[in-house]
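Visitor: Letter by letter, the chains look like this.
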Amino acid sequence: MIIKHHLTDKLLTAYAAGTLPEAFGLVVAAHLSLCVDCRAQAAALDCVGGAVLDGCEAAALAEDSFAATMARIKSAKDVDRVSQGSDTHGNEPAGVLPKPLRDYIGGDLDKVQWRPAGGGVRQAILPTGHGASARLLHIPAGTALPDHGHRGMELTLVVCGAFRDQTDRFGPGDVEVADQDLKHTPVADIGADCICLAATDAPLRFSGLLPRIAQPFLRI
Amino acid sequence: MAALMLAVRDARNEVAFAALFSHFAPRVKAFLIRSGTARGLAEECTQEVMASVWTKAHLFDPTRASVATWIFTIARNRRIDVLRRERRPEPEDLTWGPEAEPDQIDALALQQDSVALGRALESLPAKQRELIEKAYFGDLSHSEIAEITGLPLGTIKSRIRLALDRLRHALA
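Chains as they are written, first to last, in this note's numbering: chain A, 1 to 220; chain B, 1 to 172.
The reader is advised that the hints may include incorrect statements.
[Said to hold, decoys possible] Straight-line C-alpha distance at most 20 Å; calculated DMTMM-like pairs for lysine to aspartate or glutamate: (1) 127/B with 144/B; (2) 77/A with 165/B; (3) 77/A with 14/B; (4) 74/A with 14/B; (5) 77/A with 63/A; (6) 56/B with 90/B; (7) 4/A with 165/B; (8) 134/B with 9/A; (9) 134/B with 144/B; (10) 74/A with 48/B; (11) 56/B with 81/B; (12) 99/A with 37/A; (13) 10/A with 139/B.
[To be verified] These stretches of chain A come out as covered by chain B in the derived footprint (C-beta under 8 Å, 3 or more residues): (14) 12-18; (15) 29-42; (16) 58-67.
What the hints contain is simulated information worked out from the structure, not anything from laboratory work.
Fair warning: this is a prediction, and the values are worked out from it, not measured in the lab.
Glycine residues also receive a C-beta, built at the ideal position from the N, C-alpha and C atoms.
So that you can see chain A by itself, here it is in the shape it has in the complex (with noise of 0.2 Å):
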């Protein structure tokens, strides 16, 4: 996978602070799970976290505070004892859909619950924390989605195939970001269907009617 296009340092940076709403931070897991270089960079910025906590003037703690937290790492030790044998550490097969991905839709891409968006176009819409909201989009092949701008921030992480815009073509792993500047009608390519990942954390602004007027039932 030669990925071409890859998060911005602010992204990775508010994903690192841990201020990124949860739907923006799938994304970003998900291309974190594709892209080594990225992946440094957001291991670097977690450095920077480091080096701020251990900056920190020391603040007094509670008398208790060291008994209080050998008691609890005893009482984990009896719940984990009970808990043990549902822990799936990395034994699961790879599948065609990123981990972070899996984890949300309960499964790999047999499983996501795929619903009309009109023009041929499906979308699943993820359960994420306020502030933004995620989808997956199953955009047939050489299948244009309406022409469209920002009100906010949208990333959107290619998962298979590829589309391309005004800007650039994105394949397998490439995440495009785009705010209030950008106005596109992303196509799919023709050789395949296109599955990505959006997320946004403002309406969209279509320029046509009909997906304007549909806009509130699709949630977009």
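Dock chain B against chain A, hints included.
Guide: For chain B alone, coordinates are given in the frame of chain A:
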């Protein structure tokens, strides 16, 4: 610090854990308070974070993170969980292949890089350092965060990149 953490991980050494606790617990608590956690809750969360340092010790890998960095990630995730009631999506786990055991020299080099990074952060102009701290305390939204400049991030990135390249995994 890494030697203490390895004693906790490999020998379940309580004396080493006590030493880590006395250094990190007050800092974790300060970090949580600065991040907007009320004092009482910050104490409780600090104990939970430090308990995780013991129970999740097997996940500590000195070629990929310093102890401070590793504990930071635990504290950060706890903060997201407590303050936002959300989970943080994590990338796929990477596991060491049989032929690519973590290298002690790599681990040492990463610890030294981390110390250098800490010093660089301290010696930044106050305004620049405060911006970075604000970002990590969660005071800035993702659209307010500025690119981090003035820290030797490239060195650490290439070091971690080398460690990641040696992992047996179908990464691109």
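Visitor: Going straight from one Cα to the other, do residue 4/A and residue 165/B come out at no more than 20 Å?
Guide: holds (18 Å)
Visitor: Sort out whether residue 37/A lies within 20 Å of residue 99/A, counting only the CA atoms.
Guide: Holds, because 18 Å separates the two Cα atoms, which is no more than 20 Å.
Visitor: Holds or violated: residue 74/A with residue 14/B, Cα cutoff 20 Å?
Guide: holds (12 Å)
Visitor: Given the hint that residue 77/A pairs with residue 63/A, does the C-alpha gap stay at or below 20 Å?
Guide: violated (24 Å)
Visitor: Given the hint that residue 134/B pairs with residue 144/B, does the C-alpha gap stay at or below 20 Å?
Guide: holds (10 Å)
Visitor: Given the hinted pair residue 77/A and residue 14/B, is their Cα-Cα distance within 20 Å?
Guide: Given that 20 Å is the threshold and the Cα spacing comes to 15 Å, the pair holds.
Visitor: Starting from residue 127/B, check that the Cα of residue 144/B is at most 20 Å away, please.
Guide: Measuring from Cα to Cα gives roughly 15 Å; hence the hint holds.
Visitor: Is residue 56/B within 20 Å of residue 90/B, Cα to Cα?
Guide: holds (16 Å)
Visitor: Between the segment 29-42 of chain A and chain B, see if three or more residues pass the 8 Å beta-carbon test, and mark the coverage as holds or violated.
Guide: Since three or more residues must qualify, the claim that chain B covers the segment 29-42 of chain A holds, with 12 doing so at under 8 Å.
Visitor: Given that the segment 58-67 of chain A was listed as covered by chain B, double-check it with a C-beta distance under 8 Å for 3 or more residues.
Guide: holds (count 7)
Visitor: Is the straight-line distance between the alpha-carbon of residue 74/A and that of residue 48/B 20 Å or less?
Guide: holds (12 Å)
Visitor: Are the Cα positions of residue 56/B and residue 81/B separated by 20 Å at most?
Guide: holds (17 Å)
Consistency with the previously given hints fails for numbers 2 and 5, ordered from lowest to highest.
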